[in-house]
Amino acid sequence: MAKAQDEIRQGAVEASLPDTPPPASAAVDALPAEIVSDSLASYLRTRAARIRSGDSGALPVLLGLVVIAVAFQIWTQGLFLSPGNLVNLFIESMVFMTLGMAEIFVLLLGEIDLAAGYVLAVGAGIAAILVQKPGFDWPWWLAIIVALVCCGLTGAVWGTLVSRLHLPSFVVTLAGLLIMWGVMLVILGNAGAVSIASPILVNQHVLYEIVNGNIPPLAGWVVLALVVVLFGGVLWARDAGRRRRGLVAPPPGLTAIKIALFALSGIVVVLICDANRGSATSVVDGVPWVVPIVFIVLLLWVMLLQRTQFGRYVYAIGGNSDAARRAGISLAKVRTWAFVLCSVTAGFAGILYLSWQGGTSTNVNGGQYVLYGVAAAVIGGTSLFGGRGKIAQAVIGGLVIGAIYNGLYLQGVQVQWQLIATGSVLVAAVLIDTVSRRGTLSGSSTRI
Amino acid sequence: MSSDLGDGPLAQSTGLELGATAVAGSGTALLQMRGVDKHFGPVQALYQVDLDLPSGQVTALCGDNGAGKSVLTRCIAGIHQPDRGEILWEGKPVHITGPRAASELGIEVVYQDLALADNLDIVQNMFLGRERVRRGLLDEDSMERSAAETLASLRVTTVRSIRQPVASLSGGQRQAVAVAKAVMWNSKLVLLDEPTAALGVVQTRMVLDLVKTLKDHGLGVMLITHNLNDIFEVADRLAILHLGRKVAEGPASEFDRQSVVEYMTTGRSER
Numbered sequence: 077m078a079k080a081q082d083e084i085r086q087g088a089v090e091a092s093l094p095d096t097p098p099p100a101s102a103a104v105d106a107l108p109a110e111i112v113s114d115s116l117a118s119y120l121r122t123r124a125a126r127i128r129s130g131d132s133g134a135l136p137v138l139l140g141l142v143v144i145a146v147a148f149q150i151w152t153q154g155l156f157l158s159p160g161n162l163v164n165l166f167i168e169s170m171v172f173m174t175l176g177m178a179e180i181f182v183l184l185l186g187e188i189d190l191a192a193g194y195v196l197a198v199g200a201g202i203a204a205i206l207v208q209k210p211g212f213d214w215p216w217w218l219a220i221i222v223a224l225v226c227c228g229l230t231g232a233v234w235g236t237l238v239s240r241l242h243l244p245s246f247v248v249t250l251a252g253l254l255i256m257w258g259v260m261l262v263i264l265g266n267a268g269a270v271s272i273a274s275p276i277l278v279n280q281h282v283l284y285e286i287v288n289g290n291i292p293p294l295a296g297w298v299v300l301a302l303v304v305v306l307f308g309g310v311l312w313a314r315d316a317g318r319r320r321r322g323l324v325a326p327p328p329g330l331t332a333i334k335i336a337l338f339a340l341s342g343i344v345v346v347l348i349c350d351a352n353r354g355s356a357t358s359v360v361d362g363v364p365w366v367v368p369i370v371f372i373v374l375l376l377w378v379m380l381l382q383r384t385q386f387g388r389y390v391y392a393i394g395g396n397s398d399a400a401r402r403a404g405i406s407l408a409k410v411r412t413w414a415f416v417l418c419s420v421t422a423g424f425a426g427i428l429y430l431s432w433q434g435g436t437s438t439n440v441n442g443g444q445y446v447l448y449g450v451a452a453a454v455i456g457g458t459s460l461f462g463g464r465g466k467i468a469q470a471v472i473g474g475l476v477i478g479a480i481y482n483g484l485y486l487q488g489v490q491v492q493w494q495l496i497a498t499g500s501v502l503v504a505a506v507l508i509d510t511v512s513r514r515g516t517l518s519g520s521s522t523r524i
Numbered sequence: 456m457s458s459d460l461g462d463g464p465l466a467q468s469t470g471l472e473l474g475a476t477a478v479a480g481s482g483t484a485l486l487q488m489r490g491v492d493k494h495f496g497p498v499q500a501l502y503q504v505d506l507d508l509p510s511g512q513v514t515a516l517c518g519d520n521g522a523g524k525s526v527l528t529r530c531i532a533g534i535h536q537p538d539r540g541e542i543l544w545e546g547k548p549v550h551i552t553g554p555r556a557a558s559e560l561g562i563e564v565v566y567q568d569l570a571l572a573d574n575l576d577i578v579q580n581m582f583l584g585r586e587r588v589r590r591g592l593l594d595e596d597s598m599e600r601s602a603a604e605t606l607a608s609l610r611v612t613t614v615r616s617i618r619q620p621v622a623s624l625s626g627g628q629r630q631a632v633a634v635a636k637a638v639m640w641n642s643k644l645v646l647l648d649e650p651t652a653a654l655g656v657v658q659t660r661m662v663l664d665l666v667k668t669l670k671d672h673g674l675g676v677m678l679i680t681h682n683l684n685d686i687f688e689v690a691d692r693l694a695i696l697h698l699g700r701k702v703a704e705g706p707a708s709e710f711d712r713q714s715v716v717e718y719m720t721t722g723r724s725e726r
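Same order as they appear, the protein sequences are chains V and C.
Counted the way my numbering counts, the first sequence spans residues 77 to 524.
Counted the way my numbering counts, the second sequence spans residues 456 to 726.
Hints were generated in silico from the structure; no laboratory data involved.
Virtual Cβ for every residue (Gly too), placed ideally from N, Cα, C.
Check each hint, because a few of them may be wrong.
[Stated by the list, open to error] Label-pair distances were calculated between CB atoms; the ranges are:
1) Ala232/V - Arg587/C: 25 to 31 Å
2) Asp671/C - Gly329/V: 29 to 35 Å
3) Gly511/C - Arg121/V: 43 to 49 Å
4) Arg587/C - Val225/V: 30 to 36 Å
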């Protein structure tokens, strides 16, 4: 028996009972590549086999991003990949990424939040109004907190209606979309626009600097080095520890590659942001503050969803709500909190929007934003049917949306074509999700 | 109306049965049902059912569709409360008020649909709802180790990795995970609802071996089934329900296929 135990711990056990071992190709389809492999070489082989069989994970999205970049680079005659424009793209994408993260909380449950776009607008409006002088003239941090709490409360309302009264989230949040649209108009009043771009008023200036202020280049490198060392150290220690204790862990080479890729993308971002994107006389360089801020939010939400009971329950409910209920999980509580977290994150996206635009107005198109948010999540690989997805997927999805948005804008494409292009991408993403779901069910791997 | 009619005979039979138990003396039945009635509106689902579930033995509960197997199971699981009669746990009367209460006593039910979340891996499923937490974060290492130990003790060694999603498991393996999930909480009685219904020959073999392993560990097992092969393969005892009444109960050696089928279909046997 001790031997059997050892075998299980090794993570790769040959069939010792007369159970039909699944055919090799099916096993490759169903198991994460890390598990099927015990060395980097076998990981790469498994990975390649999965790609050949149609299941290629994040690869198509990354390839899509490259195609979009190359196409726009040619179309805009080299403007698209210039450092100045790439920083713009990052900043625009931050709003989409954050909204995507917000949506993932509810998408994982198999629900949807259509109100998030106007919750963004209301969050931006509240924060903007609270730092006006004459007016409330509250400290910037209090304005942010109050805006986020108000947004969270709206999420609690949608969540309660969905989880306690069993109303469909689509309808509840569609109503929420209209309500929050109205609330935004009420908050912004007759003027219809609020600015926070005053360089003299400290509380407005801090909010403005979140997106428009930059970390000095040298400080940017120091921060990056610290983050890479910390992230790499924690990841390496965890994986090495698990390998040592005989628990399931990826091969050392894979851990090293993960850390290297993380460091590499950090270096690329800092390099791009540190190039002078102003003029010879007025230098503008450095990583915008919003980049590390969104990274921290991302880390927090990854921890919450992957490492806490709440996160586990979100996945369990999305996967099989019946099983979750029988396990004694309070579905209503988890669902309500997911809507609260979605709305808080959407409110945070509102703060970013406010900072980016230097103000907010009744022109904020919350209906369009929420669809961009859902699209970011779905393009990244989060399923609309619940149970499948990761917070980090919003990052790459947000970049895709940001790239399309930015490139079309750069080329002076009229707004109607931007809408059509983005809508088509959303349809394509949902199509991929549906086809891949059907593919896994029927066994024919059509996941793209 | 049925409750009025039920009153008289119930009191009578309860007295008789208690006497019988006392005579049996060392009857170490883990769980005993005495004169349990359950009706839903005018439908009498269980009628004065007595049942013993001893530990270290597999009791097969058989009966045709609508015989009351599910209702009886749910009464033990705490989902339904009996209208009359009592349930004794280790000799003491208990009220099983809900699934939680059942778990606290040491009763676990593996339903036919297994209640596994396909998107979670084996460890995550086995600890679902009872995760170990350290400093606010899930203690994955300790949970993985315990899950591996439980699976090893049940001799479930065909899974490639306990970190693979349940969606990638075969039917028998899924059943094994569901059973492992049930027994890892120091449970004493496991109710298995049609565990082999959807399985092929090899997978069925694996699940029946698992049932024998549970028995060897001293657990009481109730196997709800109408598969005669399963019954005679693993059951030590048999209880047969017919239209809400228990029509036969005893050691499996006292039955043969013919008599079981007769009891299940007509409620009587000529033999």
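Quick rundown of the hints versus the structure:
With their beta carbons about 29 Å apart, Ala232/V and Arg587/C fall inside the hinted range of 25 to 31 Å. Distance hint check: the CB atoms of Asp671/C and Gly329/V are about 43 Å apart, inconsistent with the given range 29 to 35 Å. Taken as a hint, the range 43 to 49 Å holds for the pair Gly511/C and Arg121/V, whose Cβ atoms sit roughly 48 Å apart. Distance hint check for Arg587/C and Val225/V: the Cβ-Cβ separation is about 32 Å, which falls inside the suggested range of 30 to 36 Å.
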